Amino acid sequence: MSLLAVKGLGIGFGGIRAVDNVTFSTEPGKIFSIIGPNGAGKTTLFNLISGVYRTESGSVTILDEEVTRLSPEALAARGMARTFQNLQVFFRMSALDNVMVGAHVHEAPRGLSHLLGLPSTARENRQTRDEAMALLTRLRLADVAERTAGNLSYGQLKRLEIARALASRPKILLLDEPAAGCNPTETAEIDEIIVEVARSGVGILLVEHDMKLVMGVSDRVLVLTQGRVLIEGTPAEVANSPAVIEAYLGTGLPSLEATHA
Amino acid sequence: MLAQFLQFTMSGLTVGAVYAVVGLGFTIIYNASGVLNFAQGEFVMIGGMVTVFAVAAGVPLPLAILLAIAVAAIVGIGLHRLAIEPARDASPVVLIIITIGGALVLRGIAQLVFDKQLHKLPGFSGDTPVNFLGASILPQALWVLGGTAIMVALVSLFFAKTMIGKAVLATAANRLAAQLVGVNTSVILAISFALSAAIGAIAGILVTPITFTHYEVGTMLALKGFAALVLGGLGNPMGAILGGLLLGLCEQLSAGYISSTYKDAFAFIVMIGVLLVRPSGLLGSKLAERV
Amino acid sequence: MTPRSILKLAALALMAGTTLGAAKAQDIKIGAVLSVTGPASFLGDPEEKTLKMYVEEINAKGGIKGRKIQLITYDDGGDANKARTFATRLVEEDKVVAMVGGTTTGTTMSMGPVFEDAQLPFISLAGAVVIVEPQKKWVFKTPHTDRMACEKIFEDMKKRNLTKIGMISGTDGFGKSMRDECVKVNARFGIEILAEETYGPRDTDMTPQLTNLKGKSGMQAVINPGFGQGPAIVTRNFRQLGLTVPLYQSHGVASKQFIDLAGDAANGVRLPAAALLVADKLPASDPQKPVAQAYAKKFQDATKQPVSTFGGHAYDGLMILVGAIERGGADPKVIRDEIEKTKGFMGTAGIFNMTATDHMGLDLSAFKMLEIKNGDWALAE
Amino acid sequence: MRGLIGNRWAELGAMALLIGLVGLILPSGYYFRVGALVLVSAIAALGLNLLLGYAGQVSLGHAGFVGIGAYAVALLPTYWGVPTLLALAGGAVFSGLLALALGRPILRLKGHFLAVATLGLGILVAMVLTNEARITGGPDGMPVPRLELFGTRIRAPETWYWITGGVLLVATFFAQNLLNSSTGRALRALHDSEVAARAAGIDVARIKGIVFAVSAIYASVSGSLLALLNGHITPDVASFLNSIELVTMVVLGGMGSLLGSLIGAAVLVILPQALTIFHEYEHLLLGSFIILIMIFLRDGIVPTLRKRFTERGS
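Going line by line, the protein sequences match chains A, B, C and D. Everything in the first sequence is counted per the numbering used here, starting at 1 for the first residue and increasing by one. Everything in the second sequence is counted per the numbering used here, starting at 1 for the first residue and increasing by one. Everything in the third sequence is counted per the numbering used here, starting at 1 for the first residue and increasing by one. Everything in the fourth sequence is counted per the numbering used here, starting at 1 for the first residue and increasing by one.
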């Protein structure tokens, strides 16, 4: 039984198959990376899996439970969490509040007792806050916990998104370019965090342009071009595949080692 | 039966044409600057009132009309310079509140400069109704419909063919990029306010012989024009026109066939219904969230 | 901002609002809350102008027994909630001895309790019967009631043998209230209402409603309770659709402005209104003639606007009040009693005879049935 | 977190102090009435602020709920002998349920589309109140039976000032509770990024429904108090212009600031009273003030001033 299984997934926009017949599966504690040139459909694939777009064909299962076309919030309740390529941080809230929002699925939906400020709410707030602080500490954001997210640096925001995703205690974590725009030190930090999270048993699905990062941490790598799977295998297998080299050169990219901002 | 239907329809189209033009005015400013200008109805008022008072002062009608359009355009530029431009980076809802303040100011000035009475203009081609398949139609209604059509055509041409029109579109698409290619975006925004004001004024002049004018007519028109704009799809000029005509038709057909007491209610129910089926309006493009 | 500075600001703002309260002690303060702007502005505007004009005149002539009148006016914009605040302000801050105002029935009804509580006389300028029925100790009114207007119209219809009619009314306070009164009294005159339509106060085209009325067979006349732009548009649409049955308007259009707006379409329209509109056409023997003529001339000279009965009601209210003060002095209780004793006062609306049970004091004879002929008022009787 | 708690009591304390001190210096019934009107409007503005300022959802129809609350305390006691306080609660519950029922479909709309849908909603309420004259008295309105507490009829503006002040403080307390809970975090989150909020497991439709209902209840309570304070009510309370006025109060005082709602209400209620000395220049000046405040205090009065003070402080 795989953690996340994707079978024949596809969607089209105006006649173009943005994602076409993609199949793969991931295991707990493993890092599964998806790479490919710009416009290959990586983010679209993420949006399909996480329920932001509605799948046209194929299926997604989590631990053999059919979750195709479920809403993002329903998927979150089933243990999926994700980050976004273009920073979807709650900019007007403090860093701590951002992470506390991440714990939403574990909080009781009791609007009335929230309004009345019953002791249960205070207890819940305390627990969520403690957990969120622990995560902020883990991601070296403890000293900016009370700051408004809008005032944080880019690298901090990238880590904040990961902290928020982790706050839901996910079984499977989707990371969309977590190191994009980060300097080498920050990239190394994120690298370390990903490995650490995976080691705690979370299955990780990673989209990343930084080849050094991908090749260094991944258990398996899937190459996507024009919405289709080109090859799937271990980092070594993929790096040595002539098809991959050709695909990348074909799109005018200088080399596999290229990093993108 | 047909005569009755035609009568209701003509009534709806005439009423709707004003909503449509107000909606079009909204769209021009919205597209260029992202501001929803709730003082749009006041331009209609200025058009009507200035013409009425100029004619009363002995100015010939054609000259009075030109004067009214010019006054409205200047007021439009003034509104932009004095109220919108200083708050350029404010959030959309703050800008809306500013335009509501602007509407209050314009109404306040109108009540001082003019008066608080109702006024009318004579029909441009007399007030004798013409018979069309049993429905009786005022010649001025044809002026309103024709005028609206011509304005829509001219506005489309302006955007498609003239340098200034293209510059407005460029500014709307990307202000920074437009500046980089040498467009003076501040001037462009002023132009779009002036254009929008002029269009509103023309509408005000055309309908005054039918609907009369008054220093407070703007409030209701802004409300209906905004509804028309959203019904048609925000940002699409043709959508605003379609939305306005539909809203007018809805009101007058409900008044004729269902209940005159609740006609506005039916119009709003239809509108909410349309929005639930098409959340971006009739001609609005579907906005996908980029993540 | 500290709470303290907010407090200061608020106190300052409040104080700024009361500086006008500073007046000489011997002045007689009269309040007026009117709908000078908003949907009823064409009533409130001439009312305010009339009050100011006449207070000025009275003061120029030395005031009331040597005491000047200080008129304090507020604009409620037609909003009942604002009206009540201003009423409280007149009572508590400005310390007026009486009030002439209340342009609409809604604002009047909302202000009434303030003056009842404060025990100050309040002469309303609004039309509906509910203002004086049930009677309130401190509240009076000067315009004819809408029920009287209905009665006058139905009386005229009966004379002309028009028994099956259609009604189209505005959904504003005036139109709605008069419509309700008409529906109560029509049976008494043997008149049957075949069909009813309505329109909103800001509507600009009533052809659908009138097309439906036109389609009713056997309709002999149409009555249009309403004020503002609505009746003028109804009248024009009425002619546009080629309706030929008699059209009756209400006293809500008793202003030359209606004829100006409706143009040729107004010819043939009948309406009940005060003699003020036809001052010049009254026979010389009519005792109302000099009063009506004088008011009409003064108003038109001062404002350059056509005279309306609305301003006339304000004149009547002010003069009744002034008369009461002249007779008994400026004590509110005495003023109230004196207003109630008003007898044979010749106003623009007719002869007022107030009693302990009648706080309006006009009878049906004060109403004239007018017909518009060649763009001018004419007596129909 | 201590910051938030500190802010919380500071905000509530500032409000209580303001209400209390102003109440002590007000010289007459008229001032108390104006004060009570400020507080009543602030209750509705506070609710709208939860929706508009925190959750970022526009409503141009909130006066409709004010109207429902106002007519609940007028109609229920008049026709069915319902005790006034029960009628007030009834109006609030009805408003809340109506908001929940209508909120589901309508709140799927975004931005200006939501604005128009709520606008229609408000207009529908106003229209029913105007046209069903047989029970509502139509445009001329109807009298509201006075509130009786412990055998005495409450009518003095002073008493109303303290009652509405108390209600406002309770309303603020509840609003703070809500904001400081997972529901509150969720509604602020969906303002910034709906897609991220959903990915975090937030049922956006449900949260929007809750905050819409809460804000409707606030508006309804405010309407009930207004009706009881006035003793006579007309459909004007539900008018489009009053909806706009509520939005203006929120934006002027500061979106996302509860204290701002009180300040915004104070400005829009007191300013017209102060401007009466300028007679016909009143509207011109009111409009100019609104424009100037928005240009110079762009984030609203309270947030902008708070920012300036803290910047100078640090």
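The set of hints was computed from the structure by calculation and includes no laboratory data. You may find that some hints are simply not true.
Stated by the list, open to error - Restraint ranges, calculated between C-beta atoms of paired labels, are given here:
1. A:G181 / D:G23: 37 to 45 angstroms
2. A:R147 / D:G23: 33 to 41 angstroms
3. B:L154 / C:E133: 57 to 65 angstroms
4. B:R278 / C:E371: 50 to 58 angstroms
5. D:L86 / C:K297: 55 to 63 angstroms
6. B:I164 / C:L194: 52 to 60 angstroms
7. A:D130 / D:G13: 42 to 50 angstroms
As the list claims (entries may be wrong) - Here are the simulated SDA-like pairs of lysine to any residue, each with C-alpha atoms no more than 20 angstroms apart in a straight line:
8. C:K136 / D:P143
9. C:K297 / C:M53
10. C:K49 / D:P143
Stated by the list, open to error - Which residues of chain A face chain D? A partial, calculated answer using Cβ under 7 angstroms:
11. E73
12. A76
13. Y154
14. I231
Values in this document were obtained by computation on a predicted structure and should not be read as measured data. We put the CB at the ideal spot given by N, CA and C, even for glycine.
Consistency of the hints with the structure:
no.: 1; hint: A:G181 / D:G23: 37 to 45 angstroms; in the structure: violated (55 angstroms)
no.: 2; hint: A:R147 / D:G23: 33 to 41 angstroms; in the structure: holds (38 angstroms)
no.: 3; hint: B:L154 / C:E133: 57 to 65 angstroms; in the structure: holds (59 angstroms)
no.: 4; hint: B:R278 / C:E371: 50 to 58 angstroms; in the structure: holds (53 angstroms)
no.: 5; hint: D:L86 / C:K297: 55 to 63 angstroms; in the structure: holds (59 angstroms)
no.: 6; hint: B:I164 / C:L194: 52 to 60 angstroms; in the structure: holds (59 angstroms)
no.: 7; hint: A:D130 / D:G13: 42 to 50 angstroms; in the structure: violated (27 angstroms)
no.: 8; hint: C:K136 / D:P143; in the structure: holds (14 angstroms)
no.: 9; hint: C:K297 / C:M53; in the structure: holds (12 angstroms)
no.: 10; hint: C:K49 / D:P143; in the structure: violated (31 angstroms)
no.: 11; hint: E73; in the structure: holds (5 angstroms)
no.: 12; hint: A76; in the structure: holds (3 angstroms)
no.: 13; hint: Y154; in the structure: violated (16 angstroms)
no.: 14; hint: I231; in the structure: violated (29 angstroms)
Going through the hint list in order, the structure does not satisfy hints 1, 7, 10, 13 and 14.
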